[in-house]
Structures are given as structure tokens and as C-alpha cells.
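Using the sequences and the hints, build the whole thing.
Going by my numbering, the first residue of the sequence shown is number -4, and it counts up by one from there.
Please keep in mind that the hints were generated in silico from the structure rather than gathered at the bench.
All values derive from a computational prediction rather than experimental measurement.
Only true hints are included.
Here are the in silico distance ranges between beta carbons for each label pair:
no., residue 1, residue 2, range
1, Arg22, Arg65, 20 to 26 Å
2, Leu2, Pro45, 20 to 26 Å
3, Glu177, Leu217, 24 to 30 Å
4, Arg51, Arg288, 47 to 53 Å
5, Gly15, Ala76, 23 to 29 Å
6, Leu230, Asn25, 37 to 43 Å
7, Ala207, Arg65, 42 to 48 Å
8, Asn214, Ser32, 47 to 53 Å
9, Ala231, Gly294, 23 to 29 Å
10, Ile42, Pro260, 54 to 60 Å
11, Ala207, Ala77, 44 to 50 Å
12, Gly294, Ala76, 38 to 44 Å
13, Gly210, Gln28, 42 to 48 Å
Below 30 Å or equal to it, Euclidean Cα-Cα: the simulated DSSO-like pairs (lysine-lysine) are:
no., residue 1, residue 2
14, Lys93, Lys139
15, Lys139, Lys58
16, Lys141, Lys9
17, Lys37, Lys272
18, Lys141, Lys272
19, Lys9, Lys272
20, Lys37, Lys141
21, Lys272, Lys91
22, Lys9, Lys37
23, Lys58, Lys37
24, Lys9, Lys93
25, Lys141, Lys93
26, Lys272, Lys58
27, Lys91, Lys141
28, Lys139, Lys272
29, Lys58, Lys9
30, Lys272, Lys93
31, Lys139, Lys91
32, Lys139, Lys9
33, Lys37, Lys139
Quick reminder that beta carbons are idealized off the backbone N, C-alpha and C, glycines included.
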Amino acid sequence: MNGFLDLRRLRYFKAIAEHGSLSAASRSLNLAQPALSHHVAKLEESIGVPILRRRRDGVELTKAGELLLRHATDIMARVEAAEIDLRRLARDDGAKIKIRLAVISSLAADLTPIVVSAFRSEVPDVVLRVTESGTQDSRELIEKGKADFAVYLVAESEKGELPLAKERLYLVTAGETAGPTEPVPFAEAARQRLVLPAPGNPLRTFIENAAARAGLPLNVALEVDGPGPRRNAVLAGLGSTIFGAHSVHGRADRAGVTARPIVDPMLFRPIGLEARKGLDPQLVERVRSVLARSLRNFGGVEVVPPESPPS
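Next up, the structure:
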């Protein structure tokens, strides 16, 4: 059995066990399923007994597989701890830390210059690379190890998940007002001819869930993805839309539209932060702190303290 405890194969096996199927593990690892099956076969050949039992709906672990998973989990955790310790040592010696940050498209334009400036002044030992990416793509980049952190918009905070911040929602209509804008009840906003993203979009899902809880029907007149195209649809008189605070209070041109905060109830949807597994917890907290302070630049965005439980 010399050499069968290969770290790469242990990682592959652990992914299969966690996902419950070869196909799901293949997608998460960005590895072709036949190649994954080959590595499992080589593991089983080296050990001398099966570690997986194939089923129509996935796989289950054999007794040997359960034993191997316990060891694999411990080994991978120790490898991650070693990497963290070595990175801390390198940082203490003055080495730069490279961080890959994926930011949701609708936030990227306004948030990126603020975040880059904040990192330069507050964490000069970090070299930051920002990538614009959609919510699902951002999560996949994290899962595949191609990004270290992802800031994304979610429909609802999942159980046990702590959002980075929460932003207020506004009804955006064509035309400008000279004075202060009055809030608009959610019931009135729901009756407008709404221009919303297609189903499955986090904003669309959040609004639909909020309307369902309030017992309100939504008058969706047009489905348009992307904040820019939706704003243009409003300017063209095709309807009204709903934007988050960052789109209302950001640096981009807001001429020609009026944004009214939604009330009864006030709607706040979460901005999530995800970190790649295996990162130094101290680094994660430093990055989270900088991102949270950066989001305070937008009116209508409330930062969620780290110790606060999700609502």
C-alpha cells in the first residue's frame, strides 16, 4: 500500500464523501468524472478493499471508506493548519499576502475603488485582486479555490449564516423630485408596473418572498437582468424597479429617476461574505472588517457586527 495516501486523492475522496455522488464532486472540483473515478479505483486498488458503494442516487461509504474519511478529514485539517502557520510566518517576515476577491457585478463598480483604497491604507501587507462576478459564479470560484473571498447578494440569510451587511430596498421611478422623497408602502410598490430581474435572481427571490409573507401580489410587467438595463427601462417609461441602497447611493449617475425607500415593512436584504476554507481566521476577520467599513460609505447599508446572530 506504499504511496496510496496521496493528498490529492484524499481531497478527491473527501469531496465525493461530502457531496454524496461522483457527479457533484466532479463539478465542485472542476474535474472530469472519469478522471475522478480513476483516482477512486486507484485508491481502492492500493488499499485492497472498496471504499465506495455505488447506488442509483449516488454513493455511500463502505466500512473502509468511513475509516478513510475520518483519517482524510484529520489529515486535510492538519495540512490547512500547517499552511496557515507558514503563511503567518511569511507575513511576520514581511511577505505580501495575495487575496483574490470576487464582487457581485451590481456592487463592483461602486465598491471596488473604496475597497482598494481601504486595503492600501489599513492592510498594506495585502495585495488585492478584485474580480467582478455573479452570485453563483462567485460561490463556484470559492468552491474551486479560484477566489479567497466573495461578496455577493443573497435572497435570504441561510440558517447559521452571518451576512456581512444588509441594505435597504428602494422603489425607483422615472422623473426627479426637487425636495426630499417620501417613503412608499410596500403594498403600493407591489402594485406598480415592475421591471424586475428574471426568476432565480437573488433580488427577485427576495422581493417575491417578502411579498408572499405580506400576502401581496406582485405586478411584474417586464423582466430585465442587470441594474443598468433596468434603469434604462425605467427611464424609457416601461415601469418602475426596485434597487438596493448601493445602487441608489453609489457614485454612478442617478439623473432622471427618483428613489423612494420602501416601508410597511422596511425591506433589508443581506449582503453575504464567503471565505475559502483553510484561510487564517485572523486574516478572514481582518478582511471582513475592511469590507464592512467600506460598505458604510453607502447610505441605507447597515453593517452586521460579527457577534450578532442572524435574524
